[in-house]
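Peer 1: With the sequences and hints as input, model every part of the structure.
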Amino acid sequence: MDLPRLLNPEQIAAVTFGDGPQLVLAGAGSGKTRVITHRIAWLIAERGVEPYRIAAVTFTNKAAGEMRERVDRLLGLPEGARSEVFVGTFHRFALRLLRRYGERVGVSPGFSILDTQDQLALMKRAIEDEDLDPSTVTPRAVLSAVSDAKNRLIGPGRFASEASGFFETRAARAFHRYQKLLRQANGVDFDDMIALAVQLLEQEEVLRQRMQRRLRYLLVDEFQDTNFAQLRLVELAIGAGGSLTAVGDEDQSIYRWRGAELDNILRFEDAFPGATVHKLERNYRSTQNILDASGALVSNNEQRRGKRLWTDHGPGERIALHYAGDEGDEARWIAARMRQLHDSYTWTEMAILVRTNAQTRALEDELLRQRIPYSLVAGVRFYERAEIKDLVAYLRVLRNPRDNLSLRRILNQPPRGIGKATAQALFEEAEAMGSALWDALRFARLRGVSQRGRSALLRFRELIEQLRTLAATQDLPTVLQEVIEATGYARLLSKDDADAQARLENVREFLSAAQEFNEDAGATDLPALVGSIGALEAPPRRDPDPGDDEEDGDDASPLGPEEDSDPLTMFLDYVSLVSDIDGLQTDAGVSVMTLHSAKGLEFPVVFVAGLEDGLLPHFNSQAPEELEEERRLLYVGMTRAERRLHLTSCSRRRIAGRYQDQEPSPFLPELPEAQLEITESAARMPRYDSRLTGVHSFFGDRTSAAPAPRPTPSSLGVAPASASRGRTSPLAPAPNPGVAVRPQMSVRHPTLGRGVVLAVEGDGDSAKITVFFDRSGKRRLLAKYAGLEPG
DNA sequence: TGTTCGCTTGTTTTT
DNA sequence: CAAGCGAACA
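If you read the first sequence in our numbering, its first letter stands for residue -9, the second for the next number, and so on.
Since the hints were made in silico from the structure, they are not lab data. Check the hints yourself; a few may be wrong.
Stated by the list, open to error - DEER-style ranges, computed between Cβ atoms:
| no. | residue 1 | residue 2 | range |
| --- | --- | --- | --- |
| 1 | 271 | 361 | 53 to 59 Å |
| 2 | 424 | 372 | 33 to 39 Å |
| 3 | 271 | 355 | 40 to 46 Å |
| 4 | 372 | 326 | 28 to 34 Å |
| 5 | 119 | 329 | 41 to 47 Å |
| 6 | 121 | 9 | 54 to 60 Å |
| 7 | 435 | 59 | 45 to 51 Å |
| 8 | 154 | 663 | 45 to 51 Å |
The beta-carbon is built from N, C-alpha and C at its ideal position, and this holds for glycine as well.
Peer 2: Following this line, the structure appears as structure tokens:
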């Protein structure tokens, strides 16, 4: 391999690093995928490492797919051939282990994977079953606590023993019940996947040893996004004798809320003593202006190791910062600017990035109106649409009879005469029998169910049994087709209102996804969709003990990947693990997506919209660590741009249907003015004159200590006094009149009763108030909705 | 039993 | 503004 021709010296150092742990701090656009893929190829070609001894783990299927393709190309494999290097996501890695050895940690082979919606539904039931008040112990809050716990490998038992205070003690009960219901249904949630894989490797010594003996080189991408459990999984998989290459960038860590531990990268050497650290600071993506501006921004963060990116691309254009009126005006400006740039760039070379999915609506409207082709990442995610979830639920019930959650979902969908009363009787009977709903359906006597209800249940049972028989012999598309027909779903969607038509279209798309999946899976090598994990561990064995030790030499026996999973399970796993970004059509016009989904992507022309206080940083993320993460989020957005970067900010915006005055993001003053070119929309309504009220423009604030001349407000956008935000505009909603809430104050809430204010973050309508209520403990409220009164 | 209507409620990011 | 929920109606 002619590395000097392909890579810069820093990259070469990381690629040709010998054995032991290394951390590669790879700045945005510094070629980290290049480093990972070349290292894999180098290990194989130059060091003679067998491919199955190498694994690369990423966070998205898309990243994994690209990586795999590049590795295979570097290795000079013929078109379509795949090396035995494992390339896949953390979740797929864990899932693979669980599909094989899950029984050792309490899940049976056909287990179902719950998505967020399923989890919420299950948690609601858990809270109900525990007779907790869902308005104080909200399913969302408990779920978030449970997720945190699982990410830190804390189970219901330890959670309960460490719980203190009103909320936690109740959450502990809900957690316990939730987990019980989950396992009863033979289900696993997202966080369980990692946690159970860890448990499996910790507890099954022989399996762990075999894994460690086999796997010598592990490369982990986006290391800054790993959580505690994932770090543990990495340690267990690689063992003391293997070599870990962790690649990441602390400035691009944007998943704290999902448990990502920044310390995993900041304090890498603590977990892996003697680790070598390489820094990649040469950027191949952006202009120097973009690097300087984004670098200046992120240098305001405390939590970083620090690096300085450089490029030989030259300064390039300045960054356009535009102040718009409202979101419609913002969208028009962006669209107009895109039209101008379309002379030199194709639509697909442009992207609009936003903080929240809700922002895409106005943008979409305008792009539609102007007939600018675009593709939206996310929105309502395909596999979360009700009609798709219904069909998936049918498939799950076929595969996993104990899946009570899915069974409940489809029991009367489409409507088949199993009403509330009938369903309730069935649930109670199952409860009394202590068995799964499906078994109750088969054996229960169903007292007190009407004749109609009884026969409806019977028909449903026969339907499922018949489909299950079919599933045992027919291929996936055939089964799905039959599900659609036999269940009456086809009829349900054959109405000709627009809504039914759209849903039918989705169902068709789902069916064709199944067909495609089926064809790919039938080929000798793996479907690109799925990603291989086969080579990793010992071959599957039908005897229940993977532990007995006769496998000398099985190191060299690569496994037909996934061959021990049936196609239906593989398809369901695929459906559970695809993400929005995986389906991004880069050839379908302008891309519109959230900042989170944009990570890892790059575009010649980038717009980051909605740079307003409360949106970016989001009003829900105001704690110091959260604020730093919001800053990183903007940093990630800015560094997606290759040549032209635009930032926009509105003076008012519709939020939840009401116009709200907005202030420019506090991050804007952190950008060096030298790199900016600022414009303001005519539609931007002047509010009031800062000179009269003695309020600084936000740029002025930086230099407010000195009476230095500052840029004129009209060119920079005027920021009104924060204390009076939302009160001066006739368009603003009526604020809580006259109630200035401050800490220590005693207040009364219309439904939550009396409490004491603990903290106030922000101000005006978007202020977030933390109150400790006598009855329900600590709650965070939005001032706009709180309706608090002194008391 | 199934559908529709009006009410309340509450807002981030996603493997 | 929307989603979600319960109650009233067909």
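Peer 1: Flag every earlier hint the structure violates by its number, smallest first.
Peer 2: Failing hints, ascending: 1, 5 and 7.
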